[in-house]
Amino acid sequence: MFGSSQLDSFSGGGFISSQGADPSRTSAKSRDSPPLLPLTVKQISQAIQSSDEKSNFVIDGVDVNNVRLVGMAYKKSERVTDVAFAIDDGTGRIECIRWVNDAVDSKEVEEVSDGMYVRVHGHLKGFQGKIQLVVFAIRPITDYNEVATHFLECIYVHHCYRKPQIQSGHSVSTPSQTDVPAAVSASSSGHNSNQFSGNLSIDGLKGIEKSVIDYLEQPSSLAQEKGIHRNEIAQQLKVPLEKIMDAVASLESEGLVYSTIDECHYKSTSA
Amino acid sequence: MDTSNPAAFVNAEFLKQHVGRRVRAVVQVMQSDGDKVIGKSTDEQQLVVKGYPPSPLSTFVEVIGIADTPQSIQAETWTNFGDTFDVTSFDKVCRLANGDSKHLFI
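Going line by line, the protein sequences match chains A and B. The C-terminal residue of the first sequence carries number 271 in the UniProt record's numbering, and the numbering is unbroken. The C-terminal residue of the second sequence carries number 106 in the UniProt record's numbering, and the numbering is unbroken.
None of the hints are false.
The list that follows gives simulated cross-link-like pairs (lysine-lysine, DSSO-like), each with its CA atoms no further than 27 Å apart:
hint: 1; chain 1: A; residue 1: Lys75; chain 2: A; residue 2: Lys125
hint: 2; chain 1: B; residue 1: Lys50; chain 2: B; residue 2: Lys16
hint: 3; chain 1: B; residue 1: Lys40; chain 2: B; residue 2: Lys50
hint: 4; chain 1: A; residue 1: Lys226; chain 2: A; residue 2: Lys210
hint: 5; chain 1: A; residue 1: Lys163; chain 2: B; residue 2: Lys102
hint: 6; chain 1: B; residue 1: Lys50; chain 2: B; residue 2: Lys36
hint: 7; chain 1: A; residue 1: Lys130; chain 2: B; residue 2: Lys102
hint: 8; chain 1: A; residue 1: Lys267; chain 2: A; residue 2: Lys243
hint: 9; chain 1: A; residue 1: Lys42; chain 2: B; residue 2: Lys102
hint: 10; chain 1: A; residue 1: Lys75; chain 2: B; residue 2: Lys50
hint: 11; chain 1: A; residue 1: Lys75; chain 2: A; residue 2: Lys130
hint: 12; chain 1: A; residue 1: Lys42; chain 2: A; residue 2: Lys75
hint: 13; chain 1: B; residue 1: Lys16; chain 2: A; residue 2: Lys42
hint: 14; chain 1: B; residue 1: Lys102; chain 2: A; residue 2: Lys125
hint: 15; chain 1: A; residue 1: Lys206; chain 2: A; residue 2: Lys243
hint: 16; chain 1: A; residue 1: Lys267; chain 2: A; residue 2: Lys226
hint: 17; chain 1: A; residue 1: Lys76; chain 2: A; residue 2: Lys125
hint: 18; chain 1: A; residue 1: Lys125; chain 2: A; residue 2: Lys42
Simulated from the structure, these hints should not be mistaken for lab results.
Between the sequences and the hints, there should be enough to build the whole structure, so can you do that?
Right under this line is the structure:
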């Protein structure tokens, strides 16, 4: 019970939205559309215009709302109310527009020069048969590990939507500027090996807490109305009482156990 | 939008498959002469990059250009990738981009 909801919250590194339902029952198409997708220009060129009025695009079977690209900016041309440029990410080039409304916007755009690697966030828009990107954020890249991370995320997210189920036990950490190398090695090894030890997905529960909850979830424990005295748990698991008390306090705050007839007796909430 | 001229992610191993085509690679600079750079690819093999590198040149540099032989690239664009760079992850990108996920790139 707890294990599968942990898996859902770690899956996809935040790019795959999950319902909390059993992943093996939902197919890729029935998930809500994700808020942001990392994509390559090649993937965008293969997008299909969806038939509804929202004129969204569909990639890999999901509605695409916002996209993220990493590539080189060039052909920058500043106009009065907007700046147009193209992004070349090595798989293709796409035209982009960044509307400039205030000083913050123009400052952001000033930092971008031709030939510079940038990361853009934007929304796809079809215009006269071409797909353009309406950009709402553009940032220069300073740590070039971001380039590798972005492409690894594109590959991972694509494969997640291709498969009907998410491989269990994948834990992909969302990368940040400061710990990109660690995140990249986690995501790349997670992608390449389909085995991933189950312990990694339950890292919220420490060893002792896990043992306590396991003990309380045994049929013999669940059968007892008044719960189990914590001394008994300490004795059975051969763990000092203070550690049991810490574990129980933590489990109680998570909502996994509750005290019954007095402060010393506990039962698992999964009964 | 234009996907007619992509640059394939390569290391030394995949460079052989893309001779004559546009490629991109990250090399660790070992030696820099006026008109070429001898570097170590992300899979630890020697590559020669021909062209005029920018100066100063950081430890890692990304080159985009045409692969003229299985061990060298004629560079069009040079980008300094800094002095700290995770070659293992970039190498994995090369493998994936030339393997199962090729359709996302080329």
